[in-house]
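Asks: Listed below, chain by chain, are the residues.
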Amino acid sequence: MNLDHWLPGLIVLSSLLPGAVIFLLHEGSHRLRTALNLAGALSKLLLVMVMIWGVFHGHVYETRWALAPGLDLVLRADALSVLFVTLSTVLWLLTTIYAIGYLEGSPHRSRFFGFFSLCVTATVGLALAGNLLTFVIFYEALTLTTYPLVAHRGTPEAIHGARVYLTYTLSGGVLLLLGAVWLSTLAGPPEFVQGGVLSDLPADLHGQLRWIFLLLIAGLGVKAALVPLHGWLPQAMVAPAPVSALLHAVAVVKAGAFGIVRVVYDVYGVAFADRLGLLDGLAAAAAVTILYGSLRALTQDSLKKRLAYSTVSQVSYIALGTAVLGPLATIGGVVHLVHQGLMKITLFFAAGNYAETLGVHKVSEMDGIGRRMPGTTLAFTVGALGMIGVPPIAGFVTKWYLAIGALAAGQGAWVLPVLVASSLLNAAYFLPILYRAWFRAPAGLWPQEPIPATRGETLAALLWPPLTTAALALAAGLFAAAPYSPLEWAQLIARREYGL
Amino acid sequence: MTEAVVWTVALPLGGALVAALAPRHGAQVGVAIGVATLAAAVAVLVQVASGGPLRYAVGGWTPGLGIALHADALAALLLGMANLVALAASVYATAYFTQAAVRERFWSLWLLLWTALNALFLAGDLFNIYVTLELMGLAAVALAALGGQRPAVAAAQRYLVVGMLGSMVYLGGVALVYAAYGTLDLVAVSTRIAPEPAAWTAMALMTVGLLLKAALFPLHFWLPPTHANAPAPVSAALSALVVKAAFYLVLRLWLDLFAPVTTPDSSRLLGVLGAAAVLWGSWQALRAERLKLMAAYSTVAQLGYLFLFFPLFAGLPEGSARAAAFGGAVLLALTHGCAKGALFLAAGVLQRRAGHDRVRDLQGTAQGLPATTFTIALAGVALIGLPPSGAFLGKWQLLTAAIATGQWVWVPVVLAGSLLAAAYVFRVLGHAFGHAPGPGRRVTSVREELPALALALIATLVLGLGAAPLWTLLAASAGSPAFGGAPF
Amino acid sequence: MARHTGWTQPVITTQLLYGLAGVALLSLGLRGALAAVSMLRRLLALNLMGSGVFLMLVALAYRGPGMPPDPVPHALVLTGIVVAVSATALALALGRRLAETREGD
Chain A
1 MNLDHWLPGL IVLSSLLPGA VIFLLHEGSH RLRTALNLAG ALSKLLLVMV
51 MIWGVFHGHV YETRWALAPG LDLVLRADAL SVLFVTLSTV LWLLTTIYAI
101 GYLEGSPHRS RFFGFFSLCV TATVGLALAG NLLTFVIFYE ALTLTTYPLV
151 AHRGTPEAIH GARVYLTYTL SGGVLLLLGA VWLSTLAGPP EFVQGGVLSD
201 LPADLHGQLR WIFLLLIAGL GVKAALVPLH GWLPQAMVAP APVSALLHAV
251 AVVKAGAFGI VRVVYDVYGV AFADRLGLLD GLAAAAAVTI LYGSLRALTQ
301 DSLKKRLAYS TVSQVSYIAL GTAVLGPLAT IGGVVHLVHQ GLMKITLFFA
351 AGNYAETLGV HKVSEMDGIG RRMPGTTLAF TVGALGMIGV PPIAGFVTKW
401 YLAIGALAAG QGAWVLPVLV ASSLLNAAYF LPILYRAWFR APAGLWPQEP
451 IPATRGETLA ALLWPPLTTA ALALAAGLFA AAPYSPLEWA QLIARREYGL
Chain B
1 MTEAVVWTVA LPLGGALVAA LAPRHGAQVG VAIGVATLAA AVAVLVQVAS
51 GGPLRYAVGG WTPGLGIALH ADALAALLLG MANLVALAAS VYATAYFTQA
101 AVRERFWSLW LLLWTALNAL FLAGDLFNIY VTLELMGLAA VALAALGGQR
151 PAVAAAQRYL VVGMLGSMVY LGGVALVYAA YGTLDLVAVS TRIAPEPAAW
201 TAMALMTVGL LLKAALFPLH FWLPPTHANA PAPVSAALSA LVVKAAFYLV
251 LRLWLDLFAP VTTPDSSRLL GVLGAAAVLW GSWQALRAER LKLMAAYSTV
301 AQLGYLFLFF PLFAGLPEGS ARAAAFGGAV LLALTHGCAK GALFLAAGVL
351 QRRAGHDRVR DLQGTAQGLP ATTFTIALAG VALIGLPPSG AFLGKWQLLT
401 AAIATGQWVW VPVVLAGSLL AAAYVFRVLG HAFGHAPGPG RRVTSVREEL
451 PALALALIAT LVLGLGAAPL WTLLAASAGS PAFGGAPF
Chain C
1 MARHTGWTQP VITTQLLYGL AGVALLSLGL RGALAAVSML RRLLALNLMG
51 SGVFLMLVAL AYRGPGMPPD PVPHALVLTG IVVAVSATAL ALALGRRLAE
101 TREGD
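Chains as they are written, first to last, in my numbering: chain A, 1 to 500; chain B, 1 to 488; chain C, 1 to 105.
Just so you know, the hints here were simulated from the structure itself, not pulled from any lab data.
Fair warning: there could be bad hints in the mix.
Which stretches of chain A does chain B cover? Using the computed rule of at least three CB atoms under 8 Å from a CB of chain B, they are [said to hold, decoys possible]:
1) 65-77
2) 160-167
3) 181-187
Backbone N, C-alpha and C define an ideal beta-carbon position, used for all residues, glycine too.
All chains, please: the whole structure from these sequences, using the hints.
Replies: This is the structure in structure tokens:
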């Protein structure tokens, strides 16, 4: 069995097969379901580690499957896909553990974990996608598999939120499809090649290429929550916390941002995109989103909604890094794929803990929560400080590279104020929470207390994932210069993109 | 062994006779014959795949006077799909009918419909087509009215009258062809035909007749009530197969027989009607209160997509681009057949359990039948055209051809149709989620739920991921001297 | 009405006459089918259409004086008659069922 041909396919299957089996399981078979979940997650992690080792040693992993003449499903491991796959796999494992604890006693768990596994299959598939067709296929599959997760609770609000989600994402999918088909008629089905494949096309096609770019970015921008396409994100907060965590940190939003990175770097090529004048528009959209998201976050009392708007803002750092020409900005944008994932998932895990353990959903209810739930609040603090950009947490590394990258590209005049303003706004909406949590006395009884204080802070399955991800966020910043750190991978990607 | 071709027609015909003589054993006869016929159809497909198009003269009589059966790649693929859907509906039907009187009348009529379908796909001359069209129409009408309730009978009667009108018009066209060219054999006529008034009139007459049977907008008015009120397995066959057969005939006649006679304008007319069908059908499906009515309007819309291919074929020169588009059209037809069959069978299960099929009130029932709800979800994915269904690849080819030929007007139609389809599919699926605890069992009744699930899986997974051989198969049939497939 | 003269003209005229009569019946039947108010009239109109087509086909079968007619159109006509009769019978049976159910209400 030639591993080079099968490994990407196996990585995708490692969550598909357990997911399919989990659907068939009886509601009551907890142990078997947990075993399948963890087996899938761990086997995927193992396969990903094999792939990292292999890529490091020069193996080329590619799974190719013909769908139609000229249209192939391609799964390939290059530096960018390895980055995203590793992030997805690690965070999936942690979210699975978290979800097992969170959903204890809830109905429809087989259905939930089945779609959960399918959702990760779709994410990993699009991470490994080697051409635009494959990316579109898994992108739409992601929409389909996340819908049942958003609608899971079955309340009218959940169904409504899921419908809004679907309207936005399917409309975006249609735009993405049109852009992809159009591009195929001009240049053949676009494969992802570092440096882009379009720079050789004749100049009279440039007008069409600009329209195609607009379509692709619009389609991707819905999931990436670029303003004004972000409307679904706050609505999707009706989903259970593990779903919000996964959607915001790893799966949906990150998929949109990842797609933007792919389109700019591996389809158009950043130099060609700059020549066509496309980067300015993207940078403007990113900047507007960064500021708008932070501004809206200031006024939200619901913790999850505040975090949702924070995501809208933060993910656009990736788009900003992509849109500013130059390897340093690229590094900042790409590495934020990982850093934002780690920090945001920590915040969502913590928010879920507050809701599950104490019934706390609002910022105004969080007075003194640090005393009752110190571990969770410690993790929350690390995440929040990282979002603001406090060294040595990972978020600082991102902002540093974005800043020096903008200066190197001569665009410091407007990028630096945006970064500074954004950091100040982040501080404005995160620091008060931290102050309330640590330095105020609790206002009275908590709204509910399903998990009483006698059981420790909260369930182990709910406590350890956020602590782990917070530690990883801290490590990604502290040890950024170490080999195999996310920063090193981002630097590798930038070197390859710019041909350095 | 070319006899497999004959078995696909002879077996169901014989079975119909046996079922008429021994009505109480109808179900056993039906399923047994169904399995054998499917095997024969698969054999035909394998023979065509390995050896190229088949031509068989029944009874040894030379064509012109005798009946010739042709099987090229297009016919064999549709034959395979039709037999698969028919078998699934047959298995479902063994559990569907509760009244003995209805059940006993069902099987012989059903097998006659099956015979007609198979014979139609294999027909090699214009008159044979007429005979099989009539047989199919009469059997379909009788089956649609089988329950005996007033709405079903009224709709069936209208279907019959429309069918008669279509047949007469078609026969007028056949008469004209015979008057002008002296033969009815498809291969012979295609060698002699030329663009002249007789050919144009004949083409117009035959097309109109067939469009009435294929329910292309605006001649679709009879379809929604008929399909919505027929028994579930009959609805599945009607939507998935019967209208598909009429489309197949239009495709065959336009691309093979009348190829020198068709004009870009006439193709564009078909495209415009198809676009109107997509938008109107999808909109009506969204407004439909009943699940089966929604599915029937969805059929109107999906057939519109198929007719959008005609102006694209006219715009593309012979070559790989046209072959890719043709394969896309065939794949779309195959996927729709399986998906719509699955949807109607699943709708039948829901209707049986709930006593009604009003979408708004299906919540409790849908949650109690997870396998069926999953089937509807899979079929819905194929109807919307999302990956990994075969319809996604079909739509990709459709959009590619539209952009490549500069016919941008069809692009928003296809995209809007997809979004509307998503709206009406997810309107139903939204009811599958609820806060009550789920049922214990995943599959409540094997005979009722598994056939639909199998069809839906084929539409959404097999045809999506395993369809690459289809294009090689169609290309291998092309350009052969016998009546073999589209001349790409 | 064929007159056995040396001219071929009158014979073709006869064939043409039958053919045109068939077309005329077809058109009349079509108009009737589309404009009919009651189901019975519609069925009659459709049968008229059918007769028109059959007449056209019969006219086509003529191959010349003294020659046996072409059997192919005759086969078409016979099949067509059988189909038309069956379809009409089915339509009438359905109509009777409809009338029954209406009376029963």
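Asks: If a hint holds in the structure, say so; if it doesn't, say that too.
Replies: We went through each hint and held it up to the structure:
Coverage of the segment 65-77 of chain A by chain B holds. Counting CB-CB distances below 8 Å, 8 residues qualify, and the rule asks for three or more. Evaluation of the coverage hint for the segment 160-167 of chain A: fulfilled, as 3 residues show C-beta separations to chain B shorter than 8 Å, against a requirement of three. Only when three residues or more bring their CB closer than 8 Å to a CB of chain B does the claim for the segment 181-187 of chain A stand; here the count is 4, and the claim holds.
Taken one by one, the earlier hints all hold for this structure without exception.
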